[in-house]
Amino acid sequence: MSLLTIDNLSIALPKGADRALAVKDVSFTLDKGEILCIVGESGSGKSMSANALMGLLPEGVTPSAGSITFKGRDLLTLSDDEMMALRGKDISMIFQEPLSALNPLMRIGDQIAEVFEAHDLLTPPERRKRALELLHEVGLPDPDQTIRAYPFQLSGGQRQRVVIAMALALEPKILIADEPTTALDVTTQAQILDLIEDLRKRHGMAVLFITHDFGVVADIADRVIVMQHGEVVEAGEAETVLLNPTHPYTRALLDAIPALTFRDSVEQTAQPILSVRDLDMTFTTRTGGFFKKPRVVKAVQKATFDLYQGETIGIVGESGSGKSTLGRCLVRLLTPQNGVVEIGGRDISKITGDALRQHRRRIQMVFQDPYSSLNPRSRIGTILTEGLIAYGEDKAAAREKAKELLTVVGLDPSAMDRFPHEFSGGQRQRVGIARALALDPEVIIADEAVSALDVSIQAQVLDLLADLKDRLNLSMIFITHDLRVAAQVCDRIIVMQRGEMVEFGPSAQVLGNPQTAYTQSLLDAIPGKAHEAALAKQKEAQL
Amino acid sequence: MLGFIAARLVKAVFILLAILVLNFVLIHAAPGDPAAVMAGEAGAADEKFLQDLRERFGLDQPFTVQLWNYMKGAIQLDLGYSYRQQMPVAELIWDRLPATLLLTATAFVISIVIGVAAGVLAAQTQGTWWDTLISSLALLFYATPLFWVALMASLLFSVWLGWLPGFGYQTIGANYTGIDRVLDIGKHLILPATTLGLFFTAIYMRMTRASMLEVSRLDFVKTARAKGLRNSVIQRRHVLRNALLPVITLAGLQAGQIVGGAVLTETVFAWPGIGRLMFEAISQRDYNVILGVFFISAAMVLLFNLITDILYGIVDPRIRLTK
Amino acid sequence: MSAFWSRFRQNRGAVIGLVILAIVIICAIAAPFLFPRSPWSMVQRPFLPPFEMEGLPLGTDALGRDVLSGLFHGARVSLLVGLVSTVVALAIGIPIGALAGYYGGLVDDALMRFTEFFQTIPSFALAIVLLAIFQPTLAYVILAIAIVSWPPVARLVRGEVLSLRNREFVEAATLSGQSNLRIILRQVLPNALPPIIVLASLMVATAILLESSLSFLGLGDPNVMSWGYMIGAARTVLRTAWWLSFIPGVAILLTVLSLNLIGEGLNDALNPRLRKRTS
Numbered sequence: 002m003s004l005l006t007i008d009n010l011s012i013a014l015p016k017g018a019d020r021a022l023a024v025k026d027v028s029f030t031l032d033k034g035e036i037l038c039i040v041g042e043s044g045s046g047k048s049m050s051a052n053a054l055m056g057l058l059p060e061g062v063t064p065s066a067g068s069i070t071f072k073g074r075d076l077l078t079l080s081d082d083e084m085m086a087l088r089g090k091d092i093s094m095i096f097q098e099p100l101s102a103l104n105p106l107m108r109i110g111d112q113i114a115e116v117f118e119a120h121d122l123l124t125p126p127e128r129r130k131r132a133l134e135l136l137h138e139v140g141l142p143d144p145d146q147t148i149r150a151y152p153f154q155l156s157g158g159q160r161q162r163v164v165i166a167m168a169l170a171l172e173p174k175i176l177i178a179d180e181p182t183t184a185l186d187v188t189t190q191a192q193i194l195d196l197i198e199d200l201r202k203r204h205g206m207a208v209l210f211i212t213h214d215f216g217v218v219a220d221i222a223d224r225v226i227v228m229q230h231g232e233v234v235e236a237g238e239a240e241t242v243l244l245n246p247t248h249p250y251t252r253a254l255l256d257a258i259p260a261l262t263f264r265d266s267v268e269q270t271a272q273p274i275l276s277v278r279d280l281d282m283t284f285t286t287r288t289g290g291f292f293k294k295p296r297v298v299k300a301v302q303k304a305t306f307d308l309y310q311g312e313t314i315g316i317v318g319e320s321g322s323g324k325s326t327l328g329r330c331l332v333r334l335l336t337p338q339n340g341v342v343e344i345g346g347r348d349i350s351k352i353t354g355d356a357l358r359q360h361r362r363r364i365q366m367v368f369q370d371p372y373s374s375l376n377p378r379s380r381i382g383t384i385l386t387e388g389l390i391a392y393g394e395d396k397a398a399a400r401e402k403a404k405e406l407l408t409v410v411g412l413d414p415s416a417m418d419r420f421p422h423e424f425s426g427g428q429r430q431r432v433g434i435a436r437a438l439a440l441d442p443e444v445i446i447a448d449e450a451v452s453a454l455d456v457s458i459q460a461q462v463l464d465l466l467a468d469l470k471d472r473l474n475l476s477m478i479f480i481t482h483d484l485r486v487a488a489q490v491c492d493r494i495i496v497m498q499r500g501e502m503v504e505f506g507p508s509a510q511v512l513g514n515p516q517t518a519y520t521q522s523l524l525d526a527i528p529g530k531a532h533e534a535a536l537a538k539q540k541e542a543q544l
Numbered sequence: 016m017l018g019f020i021a022a023r024l025v026k027a028v029f030i031l032l033a034i035l036v037l038n039f040v041l042i043h044a045a046p047g048d049p050a051a052v053m054a055g056e057a058g059a060a061d062e063k064f065l066q067d068l069r070e071r072f073g074l075d076q077p078f079t080v081q082l083w084n085y086m087k088g089a090i091q092l093d094l095g096y097s098y099r100q101q102m103p104v105a106e107l108i109w110d111r112l113p114a115t116l117l118l119t120a121t122a123f124v125i126s127i128v129i130g131v132a133a134g135v136l137a138a139q140t141q142g143t144w145w146d147t148l149i150s151s152l153a154l155l156f157y158a159t160p161l162f163w164v165a166l167m168a169s170l171l172f173s174v175w176l177g178w179l180p181g182f183g184y185q186t187i188g189a190n191y192t193g194i195d196r197v198l199d200i201g202k203h204l205i206l207p208a209t210t211l212g213l214f215f216t217a218i219y220m221r222m223t224r225a226s227m228l229e230v231s232r233l234d235f236v237k238t239a240r241a242k243g244l245r246n247s248v249i250q251r252r253h254v255l256r257n258a259l260l261p262v263i264t265l266a267g268l269q270a271g272q273i274v275g276g277a278v279l280t281e282t283v284f285a286w287p288g289i290g291r292l293m294f295e296a297i298s299q300r301d302y303n304v305i306l307g308v309f310f311i312s313a314a315m316v317l318l319f320n321l322i323t324d325i326l327y328g329i330v331d332p333r334i335r336l337t338k
Numbered sequence: 019m020s021a022f023w024s025r026f027r028q029n030r031g032a033v034i035g036l037v038i039l040a041i042v043i044i045c046a047i048a049a050p051f052l053f054p055r056s057p058w059s060m061v062q063r064p065f066l067p068p069f070e071m072e073g074l075p076l077g078t079d080a081l082g083r084d085v086l087s088g089l090f091h092g093a094r095v096s097l098l099v100g101l102v103s104t105v106v107a108l109a110i111g112i113p114i115g116a117l118a119g120y121y122g123g124l125v126d127d128a129l130m131r132f133t134e135f136f137q138t139i140p141s142f143a144l145a146i147v148l149l150a151i152f153q154p155t156l157a158y159v160i161l162a163i164a165i166v167s168w169p170p171v172a173r174l175v176r177g178e179v180l181s182l183r184n185r186e187f188v189e190a191a192t193l194s195g196q197s198n199l200r201i202i203l204r205q206v207l208p209n210a211l212p213p214i215i216v217l218a219s220l221m222v223a224t225a226i227l228l229e230s231s232l233s234f235l236g237l238g239d240p241n242v243m244s245w246g247y248m249i250g251a252a253r254t255v256l257r258t259a260w261w262l263s264f265i266p267g268v269a270i271l272l273t274v275l276s277l278n279l280i281g282e283g284l285n286d287a288l289n290p291r292l293r294k295r296t297s
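Chains as they are written, first to last, in the numbering used here: chain A, 2 to 544; chain B, 16 to 338; chain C, 19 to 297.
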């Protein structure tokens with residue numbers, strides 16, 4: 002008999018939502034000691050299902066049918082008090098955002114001890130002792146120090162370990178993990194996944210793991226459930242689902258994952274179109290008060306590279322590596338302290354005012370967040386023509402050009418008169434690309450341009466970029482944290498760590514035969530590589 | 016934390032100095048002879064008097080020298096002389112400062128305690144008639160003119176019902192001592208302090224309610240629920256403490272309004288503080304007193320601000336520990 | 019716009035507020051037609067209680083002036099002072115906040131120290147000082163109220179601009195060669211407008227309270243009849259003719275309440291976060 006049985010669960014959304022049911026007729030079981038992954042894109046209802054298990058649905062959202070059976074009782078029929086006794090003790094949960102998951106005003110030790118207090122277990126000194134043991138178990142350095150720390154003194158990965166320690170405190174039968182690694186860097190993600198695997202083995206817990214990332218699924222799942230629009234479209238053993246998906250949606254999702262294959266470098270023209278030499282960017286923040294030393298962060302140090310016509314250079318690295326800062330220096334949203342940024346033979350790193358304004362059109366940017374990159378109060382037409390008009394183009398001509406561009410990025414010209422909120426994330430990103438193209442720039446910088454998109458949309462936008470690149474012979478700098486994406490679109494790759502370029506070369510070389518330990522560690526941390534190997538083998542066998 | 020307080024103190028000193036400059040500029044910007052302004056429209060301002068003043072303040076000297084002399088005097092707490100009252104302004108203020116401190120501090124505490132308590136209650140009973148009642152009262156108090164509610168309260172509780180004294184600081188001629196005196200002052204304090212605090216109670220109610228509801232939606236509250244904590248503990252330990260931070264910030268900002276409001280309350284209840292002193296000075300155009308009270312009330316505001324800053328530091332480790 | 023109105027209409031308090039305010043506005047407009055005589059002129063014996071004589075439904079005050087006429091004329095002053103001083107305060111606060119938020123760094127530091135200074139000094143006391151030193155004409159009353167009420171505007175606008183200026187669409191506008199002024203006016207401020215509108219409606223209310231408090235202390239324009247002055251004048255006869263203090267106070271309370279209710283309604287209708295939650 003299964004540990005947990007979910008039978009025909011439906012969850013109703015409040016009136017006025019875009020659909021009536023967040024989750025419809027979902028059934029699955031969870032066995033002792035197994036890791037079950039629920040995969041799906043945003044809005045698939047995967048998180049709702051997990052929250053329903055904990056009795057933690059948002060206000061106005063209620064289970065409308067079905068049952069959740071645990072230890073012979075239907076969780077949906079339990080009273081608040083009975084549910085409270087269950088939470089943290091039999092079923093515990095960890096969340097996506099480690100930065101906000103802990104109370105900022107309480108010490109770590111007290112927050113862990115609360116779990117015991119909530120269930121009236123142990124005496125205060127014993128709780129403290131257990132808290133120390135738990136911090137040790139989840140691999141936090143220096144537990145004696147950490148137990149007295151406040152959340153703001155820990156990094157994101159460390160905070161996620163604390164949340165895991167709290168979830169483990171009472172040795173629950175089931176651990177629900179709701180996208181626990183999505184907000185983390187890839188190497189930290191790999192460590193947290195290892196930790197969860199390891200704890201599952203040691204404590205024999207069942208883990209219900211919610212994720213959008215098939216790579217993660219491939220690495221840890223025993224069984225998989227794929228959800229779309231609130232319904233389960235496919236379920237089965239991880240290996241079967243991943244290698245032989247039967248539902249078209251699953252297949253589409255799997256196909257959308259960029260493969261770790263490399264492009265050949267393009268022929269380099271004699272003259273680089275963009276040339277960067279010894280670029281330094283240092284941030285000095287005065288943290289208030291006369292008595293404090295200013296905080297100095299060397300965000301970019303001695304960045305040096307050339308970009309050739311028709312080439313795409315990828316800049317990869319983890320958060321805080323300085324990759325976005327470098328991009329911002331290139332388009333001159335920031336002014337670097339030292340160094341040269343030469344475009345078409347002219348150094349633009351220091352120019353200001355009108356001279357800068359004249360040069361801006363030569364290097365444009367595609368932004369990360371499709372929801373904040375378009376002015377919510379401007380029509381698409383205005384957004385696309387503003388730049389042209391600022392450069393003295395006639396209004397009618399600008400509108401004509403904008404319509405053309407919309408067609409180029411695969412949107413209907415009728416979009417001109419509509420507002421950004423009428424479009425989906427992927428469509429907005431297309432508008433953002435059209436805007437960057439409007440000024441006929443020589444170089445385009447794409448700053449995490451597909452990171453905020455669901456994987457299927459991401460694939461479409463990447464295809465569009467590749468297509469435009471070929472058709473318009475664009476030169477591009479592609480900033481991303483995702484090595485798979487970088488492998489797919491970049492000719493050459495720069496790896497950055499703490500502001501420095503640690504490795505630079507053709508993609509095949511950097512990703513295929515990395516020269517530094519850091520690049521190697523980034524590659525090792527990419528989830529889903531084992532699956533890729535299996536997939537390759539499967540293909541070979543088929544041939 | 017010490018560095019944080021020290022930085023705040025330095026800032027407070029700068030603000031006080033800036034207010035002195037402002038005062039000085041205002042005297043000179045006023046229409047007419049600065050000497051006449053300082054002397055007031057008093058009959059005392061005959062030509063000899065004005066000449067005295069000009070010499071004393073060196074009004075014939077360059078502007079910067081005058082400013083320097085003025086600042087030097089003010090730093091030594093020489094706030095000028097009231098020709099109306101025939102007393103140094105500093106002495107006048109000194110005599111009446113304790114009454115104002117007592118009144119404003121009481122109103123401050125009452126409004127925060129009642130405001131926060133009612134705000135918490137409203138947030139926890141969101142959507143019920145308790146919530147509606149508290150929110151409606153807050154709206155009403157927030158719209159009530161301070162001086163008018165003071166008048167109406169003294170009419171109702173003092174004139175008509177005779178429950179509480181509506182006038183002065185203590186019973187005249189009773190000569191109470193010890194605990195009797197404290198009780199007597201306390202009785203006199205109730206109406207002025209509650210009417211002065213009413214408007215601010217409303218502000219803290221609304222802020223606390225909004226802030227509690229806001230914090231309730233944050234991730235760490237969900238973490239706390241996932242631990243199996245009971246709701247009362249979550250509300251107290253996780254929600255309330257975090258929700259108080261913006262309330263404390265607001266209280267610091269509102270301190271100035273309470274001190275300003277004291278002018279009205281003290282006027283209505285004949286409370287012998289610096290606010291009433293200011294009111295009397297207005298009708299007599301006794302500028303030195305007006306500017307002196309203005310300066311001292313600003314100093315009081317800075318004191319209240321410092322207290323709320325320290326309080327904030329105690330509640331929020333991010334301020335305490337980032338030295 | 020129609021979506022905005024339907025959301026606003028859902029808030030019952032806001033609609034009540036709108037009705038009350040409309041009545042006050044009508045009173046203000048009608049005052050010179052219904053009461054062509056100066057509200058300062060004596061019309062009957064002093065201390066005539068309300069509802070005793072036809073034609074003088076609210077009676078007369080200590081100098082035999084018509085209380086109802088005073089109320090109507092007072093509405094003009096309250097609304098005028100509330101509106102104009104708010105406009106002046108916005109005209110000071112918005113540029114300061116926008117410049118501080120957009121340029122950051124030293125500009126921000128300097129402007130915010132300046133704002134903080136004005137926010138720290140007890141505003142009511144500063145208004146008293148200003149009016150005691152300068153002549154209390156209507157223009158100076160308005161100016162004094164504006165001077166003490168602009169800091170919250172500057173802080174709000176700065177905060178909004180600060181969060182908006184790092185939005186990607188503003189950066190995109192920079193990259194497309196638009197000038198700073200154009201970016202502030204076309205990209206940033208329109209998006210900061212909803213909270214400014216809400217604050218402005220509340221500021222009109224606060225300004226009316228301030229004006230009445232100043233007039234109560236005798237610092238209003240001695241030539242215009244205002245509600246605060248009526249209460250101040252009736253204060254000494256509180257025991258014998260309490261209604262003279264009571265009635266104008268109710269007028270102030272209702273006007274201020276209506277503006278606050280409207281402000282809340284605007285907030286609910288304009289606040290994008292609330293909107294998101296219901297959608």
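Treat the hints as calculated values from the structure; they're not laboratory data. Owing to the predicted nature of the structure, the values given are computational and were not obtained by experimental measurement. Fair warning: there could be bad hints in the mix.
Derived pair list, reagent style DMTMM-like, types lysine to aspartate or glutamate, alpha-carbon separation capped at 25 Å [unchecked claim]:
no., chain 1, residue 1, chain 2, residue 2
1, A, Lys351, C, Glu186
2, A, Lys402, C, Asp127
3, B, Lys26, C, Asp286
4, A, Lys540, A, Asp223
5, A, Lys90, B, Asp146
6, A, Lys404, C, Asp286
7, A, Lys16, C, Asp286
8, A, Lys299, C, Asp127
9, A, Lys351, C, Asp126
10, B, Lys26, C, Asp126
11, A, Lys16, B, Asp146
12, A, Lys470, A, Glu449
13, A, Lys470, C, Glu186
14, A, Lys299, C, Asp286
Ranges between beta-carbon positions, derived for each pair [as the list claims (entries may be wrong)]:
no., chain 1, residue 1, chain 2, residue 2, range
15, B, Gly18, A, Glu172, 40 to 48 Å
16, C, Leu180, B, Ala120, 45 to 53 Å
17, B, Pro77, A, Leu100, 52 to 60 Å
18, B, Phe182, C, Met71, 52 to 60 Å
19, C, Met71, B, Asp93, 56 to 64 Å
Looking from chain A toward chain B, a few residues come up when the C-beta cut is under 7 Å (computed) [said to hold, decoys possible]:
no., residue
20, Leu57
21, Leu58
22, Val62
23, Thr63
We put the beta carbon where it would ideally sit given N, CA and C, even for glycine.
Exercise for the section: Return the numbers of the hints above that this structure violates; sort them in rising order. Expected result: 2, 3, 5, 6, 14, 16, 18, 21, 22, 23
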